[in-house]
Amino acid sequence: MNDRHDLFGTESDRLDRLVSRALEQPAPGNQVVSPVSLEMLLEESGRRIGRYELLHVLGEGGMGVVYRAQQDQPVKRQVALKIIKPGMDSKRVIARFEAEKQALALLDHPNMMPASKVVFFHKSLFRNSLHGFCLDRPRVHVMM
Amino acid sequence: MEYDDRTNMGGAGEVFLTTHWSLIEQAQLDDDKDRALIGLLLQRYWKPVYCYLRRLGYHNEEAKDLTQGFFCEVVLSRDLIGRVDPSKGRFRTLLLHALKQYVVDQERKDTAQKRIPPDKLVPLEVVEPEALPHTVLELDPEQTFDYTWKTELLGRVLSDVEDRYTKQRQETYWYVFRDRVLAPTLEDNQTPSLAQLCERYEIASEVQASNMLTTVKRHFRNVLREHVRQTVLTGEAVDEELREIFRFLGPRRRE
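Listed in order, the protein sequences are those of chains A and B. Note that the first sequence covers residues 1 to 144 in the numbering used here. Note that the second sequence covers residues 1 to 255 in the numbering used here.
Quick caveat, the hints were computed from the structure, so don't treat them as lab data. It cannot be assumed that every hint is accurate.
[What the hints assert, rightly or not] Covered, in the sense of this in silico footprint (three residues per stretch, anywhere, with C-beta under 8 Å from a C-beta of chain A), are these stretches of chain B:
{"id": "1", "stretch": "61–71"}
{"id": "2", "stretch": "91–99"}
[Unchecked claim] Label pairs and their in silico Cβ distance ranges:
{"id": "3", "chain 1": "B", "residue 1": "Gln-190", "chain 2": "A", "residue 2": "Gly-50", "range": "25 to 31 Å"}
{"id": "4", "chain 1": "A", "residue 1": "Arg-17", "chain 2": "B", "residue 2": "Asn-222", "range": "54 to 60 Å"}
{"id": "5", "chain 1": "A", "residue 1": "Arg-4", "chain 2": "B", "residue 2": "Asp-140", "range": "28 to 34 Å"}
{"id": "6", "chain 1": "B", "residue 1": "Arg-164", "chain 2": "A", "residue 2": "Lys-76", "range": "31 to 37 Å"}
{"id": "7", "chain 1": "A", "residue 1": "Arg-48", "chain 2": "B", "residue 2": "Asp-140", "range": "33 to 39 Å"}
For every residue, glycine included, the Cβ atom is placed at its ideal position computed from N, Cα and C.
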């Protein structure tokens with residue numbers, strides 16, 4: 001039997017209010033996002049995203065965080081992995097992310113790194129939808 | 001998160017669910033599982049049944065005997081599964097219907113205690129005061145059954161959520177949810193600000209506290225759906241059941 005949360009005797013409308021508040025999610029405009037929340041999510045995922053094991057943070061921008069990551073398959077190498085922060089995955093931000101990748105693909109300079117891959121991780125892989133692209137050298141120079 | 005309860009296991013298109021229905025079917029095939037099953041069903045459903053009987057006017061001991069008798073004689077021994085209406089699929093609804101019929105039958109029979117084999121008796125942990133709470137006394141028997149079911153369901157969900165964060169040594173997550181959602185609603189406490197919670201639990205920032213709260217809420221929703229899902233026949237019925245239990249979710253929209 002459940003004694004810790006014995007709600008027997010509580011008014012029914014109060015129970016409804018409880019569930020209503022518990023199910024309430026912050027409005028998109030009011031959602032609080034930060035690298036902290038991303039860290040919490042990564043802790044829960046064992047710090048792995050797909051085939052990439054996150055090693056440490058290389059840098060942070062307004063809408064994403066760049067990690068040094070170890071890739072195991074199909075080849076072993078270290079990559080830079082940029083992840084959009086939870087809550088920033090609106091169509092507008094994703095479009096901006098795509099444009100950034102396109103711009104990187106057109107530019108060729110020894111001090112810049114080419115974008116090698118765009119990965120859209122399925123929501124079920126992670127508790128929030130995360131989108132990232134891998135850069136094939138472990139240094140970051142992302143044009144924002 | 002929507003649950004994907006379909007799988008190719010057992011053939012394409014089969015629904016793979018562990019529901020209270022499937023547990024009953026297993027018990028009917030294997031006598032040894034009787035006692036374990038009746039223990040589980042009693043744990044989940046004894047209180048709505050017992051409170052329903054109390055609101056019908058039975059005294060404490062009579063209600064306990066009838067509760068025992070109902071589970072042993074009706075839930076297990078009769079063909080309860082055969083009464084399933086797939087279009088509804090609610091265990092709770094069928095149970096209440098069977099209970100009403102059982103009560104009518106018992107009006108003409110001996111007490112339940114005399115007919116139940118001693119090895120089938122499971123002690124009911126009825127520690128409630130003999131007088132039911134004022135909230136319950138305002139309800140009719142059927143409303144009492146639903147209300148009690150609802151409080152038990154929510155109690156289990158909250159316990160599961162708390163357990164998860166306690167086991168993971170993330171008690172602070174639970175405390176933030178408890179102080180920000182539970183206590184203000186149940187005890188009329190003033191809702192603490194995120195800044196107050198940060199100070200109270202030494203959380204680094206309000207952003208972190210807010211994210212903790214969002215994380216626990218998401219888990220609460222998943223656990224609630226999972227518990228309801230165990231009592232219905234199809235994944236689609238979960239939303240309908242939730243709407244019926246919690247009226248604020250609104251009636252089902254007609255297609």
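For each hint, the structure was consulted:
| no. | hint | in the structure |
| --- | --- | --- |
| 1 | 61–71 | violated (count 0) |
| 2 | 91–99 | violated (count 0) |
| 3 | B:Gln-190 / A:Gly-50: 25 to 31 Å | violated (44 Å) |
| 4 | A:Arg-17 / B:Asn-222: 54 to 60 Å | violated (20 Å) |
| 5 | A:Arg-4 / B:Asp-140: 28 to 34 Å | holds (29 Å) |
| 6 | B:Arg-164 / A:Lys-76: 31 to 37 Å | holds (35 Å) |
| 7 | A:Arg-48 / B:Asp-140: 33 to 39 Å | violated (54 Å) |
The structure shown violates the earlier hints numbered 1, 2, 3, 4, 7.
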